[in-house]
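> Sequence:
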Amino acid sequence: MQAVATTPFHLDRLEPGQMSRAARDFAERMAARRSVRHFSPDPVPIDVIEQAVRAAATAPSGANIQPWRFVLVTDPQRKRALRLAAEAEEREFYERRAPRQWLDAVAAMGTDWQKPFLETAPVVIVVFEVHQGPTTPKPYYVKESVGIAVGMLVTALHLAGLATLTHTPSPMRFLNEICERPAEERPYVVMPVGHPAEGVTVPALTRKPLPEVLIHR
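Each residue of the sequence shown is one higher than the one before, counting from 1 in the numbering used here.
The calculated label-pair distances, taken between Cβ atoms and stated as ranges, are:
hint	residue 1	residue 2	range
1	Thr-201	Tyr-141	32 to 42 Å
2	Gly-17	Pro-45	31 to 41 Å
3	Gln-101	His-10	45 to 55 Å
4	Gly-133	Asp-12	35 to 45 Å
5	Arg-207	Gln-101	15 to 25 Å
6	Pro-45	Asp-12	22 to 32 Å
7	Ala-183	Arg-207	33 to 43 Å
8	Arg-21	Glu-177	44 to 54 Å
9	Pro-8	Tyr-141	21 to 31 Å
10	Arg-100	Thr-136	32 to 42 Å
If you're looking for bench data, these hints aren't it; they were derived computationally from the structure. In this text the structure is predicted, and so the values were computed from the model without any measurement. Built from N, CA and C at the ideal position, the CB exists for glycine as well.
Use the sequences and the hints to build the structure in full.
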């Protein structure tokens with residue numbers, strides 16, 4: 001068996017009270033996170049987005065292959081093309097392909113085929129799964145790995161004071177052409193990022209209480 005290179009690892013060991021406060025503070029900050037569909041066009045510092053992606057790219061991945069690619073779209077013409085292509089697919093989905101159960105489930109969210117946020121948000125991050133290709137190795141647990149990275153990206157952006165929305169047009173292959181990405185990269189999610197529009201509101205939703213989602217054994 002090939003020897004595995006190692007490096008020292010250190011994690012500060014907090015007192016129980018410090019651990020509880022840190023965990024509670026983080027949970028409370030994340031409880032304030034909401035998906036936003038109306039963005040201000042005001043620009044955001046691109047280095048903030050880059051550092052959030054840097055954090056997301058530290059996510060665990062199968063065999064440490066790191067099967068993700070983050071494309072930052074800021075060019076107005078490219079964002080316009082992205083919106084038009086997404087709306088074409090979404091209109092077909094909402095009007096013809098979507099099952100009634102799905103339409104009923106999202107009715108309270110106020111969503112439809114129109115996606116202006118893809119154009120008004122100052123930054124749109126398109127996340128791709130990277131599969132095996134001419135210059136890329138075979139990845140393992142791709143969706144699980146990329147899903148964790150996207151969760152960390154949402155968290156990092158929220159803690160930096162920016163709003164996000166995870167959008168998954170169906171199908172999404174048009175994103176390869178718009179973002180100029182090779183075939184071995186498959187679109188995973190589209191994420192507009194920015195400040196919320198002035199006076200924006202969000203659906204009055206509730207989260208399941210902790211006892212409903214946490215089981216002790």
